[in-house]
Structures are given as structure tokens and as C-alpha cells.
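Now for the letters of each chain:
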Amino acid sequence: MADLLSTSVSGLLAFQQALDVTSNNIANASTPGYSAETANLVEAPGQSTGIGFIGSGVDVQSITRTYNEYLAQQVRGSQASYSSSNTLATQAAQIDNMLSDSSTGLTATLQSFINSMQSVASTPTSTAARQALLNQAQAVAQQLNSYDSQISQYGSQLESQLNGDVAQVNSITTNIASLNQQIAAESANGQTPNQLMDQRDQLITQLSQYVSVQTTTESNGAMDVYIGTGQALVTGSTASKLTTVPGAYNPTELNIAISGGGTTADITSEISGGELGGLLSARSQVLDPARNAIGQASVAVATIVNQQQQSGMDLTGAQGQPMFSVGGVQVLPDTNNTGSASLTVTRGSLSALTSDDYKLQSTGGVWQLTDVTTGKSIAMTGSGTAASPFQAAGLSIVTSGSPASGDSFLIQPTAAAAAGFSVSLTSPSQIAAASLVQGTAGAANTGGATVSAASITNPGAWVSDTYTVSIGAGNSYTVTNSGGTQVASGTYTSGTPISFQGAQLSLSGTPAAGDTFVVGPNSPANTGDNSNILAMTGALAASTLNGGTTSVTAAANSLVSQIGVITQQAQNNATAQQTANQNATTALNNSSGVNLDKEAATMLQFQQAYQAMAQVIQASQTMFTSLITAIHG
Amino acid sequence: VTDVSISTLTFRTNALDSMESLQSAISNTQEQLSTGKSFQNAAGNPTGMAQVNQLNMELSASQQYVTNGNLATGNLNLENQALTDATNLLQSARDLALEANNASLSATQRKDIATQLSQQLQELVAIGNRTDANGNYLFAGHAASTQPFAQNGNSVSYAGADQVSQVQISENQRISAGDTGSSVFMSLPAGNGTFTTAAGAANTGTASIGPGTVTSPAQWVPDTYTITFTDATDYKVTNSSGATVTTGTYDPTAGGTVSFNGIQATLSGNPASGDTFTVAPAGQSSAFATLAGLITTLNSTTLNPGQTATQISQSIEQIDAALNNFGNVQASIGGRLNAVTASQSTAQSQQTALQTSISSIADTDYAAATTKLSSEEVALQAAEESYASLSKLSLFNYVS
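Sequence order for the protein chains is A and B.
Following the working numbering, the numbering of the first sequence begins with 1 at its first residue and continues without gaps.
Following the working numbering, the numbering of the second sequence begins with 634 at its first residue and continues without gaps.
Excised from the complex, chain A in its bound form:
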């Protein structure tokens, strides 16, 4: 009888504990990261009797959580990927939205600018048309400035988000380390602290939102967390700190460093996944390239228009002045440089100019240029002196001072161009619609040739003077300046302009030997001359960029579609990774989450078992009462 009672009591206690576990499961049915727990029942040890072992009831051996580390890793991996893609998509969408307006976008603004040049060409004497062109020039400048300042604003938001994310990561890893310590302590007592482990695993999943991590579990239940290629973020109860450090070249662009054990290491290139990975990708794949590409367009517009302005004569009869100023090449020395070298970098050929950034590094006294965007080495001509600058990628580089081996400089040919883009002209009369030169046929000419055009093709080479082109026998010609010095000679071919001193003369008809043509400064009276402004529209439409394959408007348009493609890909990746993350989370929840129907069934099961056990005690009492009654009669 005593055995019956103690067996029953063990059952009552075990079923009560099992019901407690079920109750806890039901209570946590909606708790994220909660792993359903199970009371594991085992039969109590038996007592040996003559007829064999008789069981002495039931015990709750342990309470375990249903947790699948493999599924949890899938959740974390997909969480990091989703978070990274989503962050990149959000950042890219800002630039995409900025560039995408087809009615006010850069291509539309540039076309309006070209159209207003056409209007000046149609009515070169109209001050209203000239003022409208200046206004459109202002609109181009405002748009480029606004793009640049918006990108800068997104950039500084991105940097502060990096700081915020690093603080979050540190807070989470500190908590993980602390939980690891408690878990190890509890495990040493032989118990599995399910609640602490749930909390810690949930924190690691949260950490994956910020950066991609790997984990290993130690025998004491603690979990080590690694980042990148194996830099330990959490080892047992110790957490390393992430910090943001100013970039070696550009202090406003923050890098990510890890510090632990007294050392700090830059791990920016190792970071992938999560918001941090997404932000770093957005900076290197979207913000910086967009700023550079807009800068390249700025340089192109300014260079083409300014060169044509200088090839023309304005309404006052003076040589045209540059219409735009544009920001120069940005040279950023590595803050770790120890030598005294410095660089002066200017832009040369527009067609060779790229929107990439470059690194110039001195190794053992030899300068080597690398395209940072593509990672490729770039061959340079010249020796880097003022007399013979290094020439490469549309840049002219003069070095001075002496570098220490390993010293390097970041050269950004176009990054600062859009910020410094502004309109230099102030008066409508300064627009150089007319050609700087005019050509006239000699009065005594006997041939049938007339001057169809005289223009400046290279204002840098033009020396203002009156030149006489004399046709000799066999269509040979010589060009002499006003001092009688010959400056060019050649053979005239019909349809090919005669070029000299940065100027060219186009004839129509056939000249006769002895004919002369004079090319000299245009007359200020030629206010109706529109040849230079027409040439300007042609120069803007011509393929002058990227080795002469791309026009300015095409480059602006291709930037829009490139950012669009990056945004679209990031959005598609984000959607795909979100689905993957949902699937992984579903799989993990199905494996370790709470199903209320199941808990209801379990509850009924243990409730009924408890009631049955109580009935056994009732039976035992009845049996005992029967026995007493029988004895006392």
C-alpha cells in the first residue's frame, strides 16, 4: 500500500511538472525565439521483489527545448542576406528616385540647355534668347549641385547609420558574452538553462540583422561568434568591440575596425551581410560611383562648352569667356604617409577621363597607378616632373617632395567636380554665339571658291592675328601671318578644311592658283553670326566621352539606368532573401515553435493522467478503508 501511494504521488508530481511545462509553452506561444519545451518522463527505478522488479512510478528526467541549430543558422544567414540587400536597395532607391524624374532629370535639363542654344542660334541678337540660355545654364548648375549635395547628405546619413549599427552590434555582443557566462555556469551545475539559451540564440539572430556571423558551440554550452573571415566577436564570456575609424584617405568615410586584446584591426573589407554590409556596399557601389559619374558629366559639360566659348566672339566683340567653372581633381593622401611627397593633378583629355578613382603608390621609389574601381594597374607615361608629368587616364600628375616606400594617394578625378560646378558668365552679351574669326576671299581672286566657314577648333593653339592663305600651283597652299612668316602649308583637297594655328578655313567651290583668302579676327559688327553657338550644340551632342564613344547626354542617361539596375537587383535580391528568410523562419518555428493544438492535446493527456493518478490514490484509500473495516468488523 505504501508503494501504491508513493508511486501515485510520483505520478502526480511528474504530471504537475509536465503540465507546468505545457503551461509555459502555451504562455510563450507568441514569444519570438522561444523554443517549445518538453518534460521528458522516465520510469522511476524498480524495486526488486520475488516476482521481479516492480516500478515505483514516474520521474521528470529533464526539461529540454526543441531547438535545431542547423535551421537557426539558415535563419541567421538569410536574415543577414536579406538585411544587406534591403539596406542596399533602400540606399540605392534614394539615388534612383533622385535621378529618375524623366521630366526634370539630368537628360531633360541638358536637352533644354541645348535647345536654348538652338534658340540663340536662331536669333543670335536676341537678348531674351541669350538670357534664357544663361537661365538654362543656371538650371544645369543647380541640378548638378543639388545631385551632389543630396548624395553628400545620403552619405553622411549612411556614416551615422554605420555608427549606430556598430553601437547596436556592441550592445548585442556584450549581452551574448554575458549570457554565455551564465549558461556556462549553469551547465557546470548539470542543468541546461533553456531560457538563457533561447535568449542568446535570439540575440545572435538579431546580430545577423547587422552583420553576417558564424558560430561554434563550446562544450559548456557557450556559443562563440565570428565575423568576416574568422575575427572573433564573442569568445565565451568575452566580447570584442567594433569601432568606426576614419578612412585612411577620406576621413569622412568611416571604416569598421575590431578591437580586442589591446589591438585594433581594420576589417572593413571583411564585413559582409547585414545592415553594415549593405551600407558599405551602398557606399562603394552606389553613392561613390554616382557622385563620380555626375562629376564626369559636369567636367564634360564645362570642358566642351568652355572650349567652344573660347572659340567664339561675344556680343561685345571680345573672345568668349568660360561659361562654367567646375571642381578640380581631388587628391587625398593616405594619413599614414611618412614621406614628404605631394601631388598636383590636373585633367587632360576629356575622352580618356573616367569616373573611376585611382591610387598612386610609391614602392621603392617607383610610382604605380592603380584603378581603385577595377583593381587594375594603369600604365603611365612621363616621369612625374613638371616638365614631363605622368600621363594616364586623362590625368596629368606632377609629384614633388620625396615619398617613403608605401606612401600612397587617392586620386578622385571627378568626385569634387559637380560640387564646384557653377556658371561664370553674368551677362547675356557674354555668350559667344559668333565665331572668333572670319574668313574673306581676296577681291582679285579669279577662282570660284568662296569662304563657307572660318572657325577656331583649338582656342589654346590660336594666336590672334590676320592670316593669309595663298593658293599656289596644283592646289598647294601656304598660310602666312601678318608679319609674313609662314605658319602652315599643304595641298588643298576639296571638302577638307585648311587648318592652322588652331583655326580652320572651309571653302566651297574651286580656288585658282594665285587666289588668296584672309582669316582674321571677326568683326564686332557680325552680331548675327551664330556659327559658334551652332558648333556648341554639335559639340555637346558629339561622342566625346569614354574614348569618344559616348555623348554627355548618353552618359547622363546611362547613369540613370545603371543606378536603376543596381536598385532593381538589390530589390529583387531583398525580395528573394526575404522569402528565404521567411521560409527558414517558418521551418525553424515549425521545428521549435509552439503549436497550441498540440499543447492542448498534451494538456489533456497530462490532465487525464493526473486525474487517473488521483483515482489510484482514491482506490488506495478505498482499499485501505475496506481493510480497516474488515479488521474492526
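Careful, some of the hints might be misleading.
As the list claims (entries may be wrong) - With a straight-line cut-off of 20 angstroms between C-alpha atoms, the simulated SDA-like cross-links for lysine to any residue are:
(1) B:K1025 x A:L596
(2) B:K1025 x A:D597
(3) A:K598 x B:F1029
(4) B:K1025 x A:S30
(5) A:K359 x A:T346
(6) A:K598 x B:T641
(7) B:K1025 x A:I26
(8) B:K1025 x A:A27
Said to hold, decoys possible - Beta-carbon label-pair distances, calculated as ranges:
(9) A:Q138 x B:N710: 50 to 60 angstroms
(10) B:N710 x A:S152: 26 to 36 angstroms
(11) B:V1032 x A:T264: 53 to 63 angstroms
(12) B:S660 x A:Q17: 47 to 57 angstroms
As the list claims (entries may be wrong) - Now the stretches of chain A that chain B is said to cover, found in silico as 3 or more residues with beta-carbon under 8 angstroms:
(13) 104-115
(14) 124-133
(15) 232-243
(16) 556-566
(17) 584-598
Calculated directly from the structure, the hints in this document are not laboratory data.
Beta carbons: idealized from backbone N, C-alpha and C, even for Gly.
With chain A held as given, fit chain B onto it using these hints.
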């Protein structure tokens, strides 16, 4: 299919996730319907956005070319009108010259005609100085603000430029929006274009020489030739070196032509022995100089009849040349106006095509979007209803 235990949390979050994604799809479709644009930014359709930008640029440029064409048309029409007026003017000057070319007119009658011609010269200068709607001179070329023609007495000088502005009327087509005063009025051939004729000032006969024609351009040797009558009917032609080129006989009653070196000139009237006529290479003249010369001839009291008749007929020849030049310029203007019309008509159809292309890429397909919206609505409604109904199911409802 294996049965998987679905956690209660998953059931709820999955249902919410799918409802959220349906709501987002509906919002997307609704945006397409309300904006009329099938994509809102480049990420929605990167290639499409680039195409739309390119097409919009082409459309805008095409519209600008039409505007340019309209401006050119306006100027060319003004120029055409000026040339029609100038033609009428010279036509009536020519009639006056014919009227004056009559030996029976008195000196006073000639002066009266000269007065009328002076009036016409002033009118012709005024036509040459006409301006367009912006106050720019039509015939000044590049020197648009400089009055091209200045009259000093009977002498008219040109101060305009020799080059004219081009106007872009399509991507690959530029036309001259005008013509220079020098090409229209000034650089005209003197005489018949190859040579001029003149009667000697000391002639005593009444014979005059016509402007002449070129019969064989290849045989013409430019030089100054003198036709000298050795008597009333015989003549010789000598070149500038005094060498005799040809000799001939002239019949005063029938009139006759003198021919040599690929040219011929008609003589009429009675020459006296020793009378001379010259044939010289033609330089250039202007419509103004022709009228001025005619006025001088008619006002002159010292010219002999042969000189007067020769100069009047030469003036008529030059007036004809000017009229011919006006006609050529007008034909060229007509050609340019046609080019503008043709390019504008091409631009119209091109713009329609561009707008159609832009629309087909960028605009919402309303039929498709409406269908999509209603199917998304049905899906969302089904998801909401099934969730509302399924979430009520629980074993706990039956445990008491």
C-alpha cells in the same frame, strides 16, 4: 507530402506576411493606375527609363527644330516678299529704260524719267534695308544689326557681311536663314556677264552697240577689244596690243553683228568713219549701280546718241541680270521653304511616333493593370477571410 507541425506563431506571421505582400502589390498596381506610369523610377524598368529619357530628348530636340524652322520660314518669307517688291520695282525701271531708249525723246523727257528712276533707287535701297520681326536687317548677313546699304547721292555701298547664319531644321539639316545683300544686290554681273560694250565718246555717227552675247565660251579670250570703223561700212577689231583680230563689213540699213573670238555684238545705226566701240571683260556691278548709271546717262547732256543708246541697252541687260538673280534667289528661298516644310512634316510624324513609343514603354496598360488589381483584391480578400476563419479554430475551444 509530409505532415509538418505548424507552430501557431508561424501560422499567424505567415498569414500576415502574405497579406502584407498582397497589400503592397495592390498599392503598386494602384499607383500605376493613378499615375498612368507603368514604372515610377529607373529601378522599376532600368532599360525602359533610359529609353524614355532618350526618346524624350529626341522629342524635345525635334520640337526645337520645328521652332527653328518656323523662325527660318518667317525670315525667308520676309525676304521673299522683299525680292518680289524689288522685282516689281526693277520691272518698272526696265519699262522706263525702254521708254527712254528712244532717240526722239527730248532732254527734258529723259530728265523726267531719270527723276522717276531716282525715286525707285531710293525705294530699292529701302527694300535692301528691310528688317525682320526682331529688328535685324534681312540682307546684312552676320552683321545683323548693321544697316547694310547706305546711299550717298546715287552711290550705294554695302556694309553688311558676306556670310549668312545657318539654322538647324533637323538633326542633320541646316539651311541658310537668309541671303546676304552682297549676293542678292551687289555681286551682279556687269554687261552681259562676260563682257561690257561701250560706244566711243568722240563718235560722230549715230551707231550704237548692243550688250552682245557669247557664242562659244571656249574661244573667248578676255581682253579689251576696239572695233574701229575705217569708213562708214568697214571695220576692224584690234586687241589691247593693237593686233587686228578680225575685219568686216557693216550694212547700216540692215544692221549687223560683229563676231570674233566666240562672241558677237549687234550694231545698229549709222557709224561715221573713225567711230570706235569697245568690248571689255565684264567686272561686277550692282542693282543700285545699274539704276544709278541709267540715271546718270539720262541726265547727261554731253553723251552722243550712240553712247546713250549703248548705255541704256546695257542697263537693260544688267536690269535683266538683276531680275534673273532675284529669281534665282527666290527659287533658292522656295527650295529652303520646302525643305523646312518637309522637315517639319517629318518632325510631326516623328514626334507622333516618339510619343507612341514613350507611351508604350512608360504608360500603364490600363486593361492589364485593372485586371491585375481586381485579381489582387480577390486574393487579399480570400487571405483575410480565410485567416479570420482559420484563426478561430483551436482545440481549446472544445476543452472544458
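We went through each hint and held it up to the structure:
{"no.": "1", "hint": "B:K1025 x A:L596", "in the structure": "holds (12 angstroms)"}
{"no.": "2", "hint": "B:K1025 x A:D597", "in the structure": "holds (12 angstroms)"}
{"no.": "3", "hint": "A:K598 x B:F1029", "in the structure": "holds (10 angstroms)"}
{"no.": "4", "hint": "B:K1025 x A:S30", "in the structure": "holds (16 angstroms)"}
{"no.": "5", "hint": "A:K359 x A:T346", "in the structure": "holds (15 angstroms)"}
{"no.": "6", "hint": "A:K598 x B:T641", "in the structure": "holds (10 angstroms)"}
{"no.": "7", "hint": "B:K1025 x A:I26", "in the structure": "holds (16 angstroms)"}
{"no.": "8", "hint": "B:K1025 x A:A27", "in the structure": "holds (18 angstroms)"}
{"no.": "9", "hint": "A:Q138 x B:N710: 50 to 60 angstroms", "in the structure": "violated (35 angstroms)"}
{"no.": "10", "hint": "B:N710 x A:S152: 26 to 36 angstroms", "in the structure": "violated (53 angstroms)"}
{"no.": "11", "hint": "B:V1032 x A:T264: 53 to 63 angstroms", "in the structure": "holds (60 angstroms)"}
{"no.": "12", "hint": "B:S660 x A:Q17: 47 to 57 angstroms", "in the structure": "holds (50 angstroms)"}
{"no.": "13", "hint": "104-115", "in the structure": "holds (count 8)"}
{"no.": "14", "hint": "124-133", "in the structure": "holds (count 3)"}
{"no.": "15", "hint": "232-243", "in the structure": "violated (count 0)"}
{"no.": "16", "hint": "556-566", "in the structure": "holds (count 8)"}
{"no.": "17", "hint": "584-598", "in the structure": "holds (count 11)"}
Checked against the numbered hints listed earlier, the structure breaks hints 9, 10 and 15; every other hint is satisfied.
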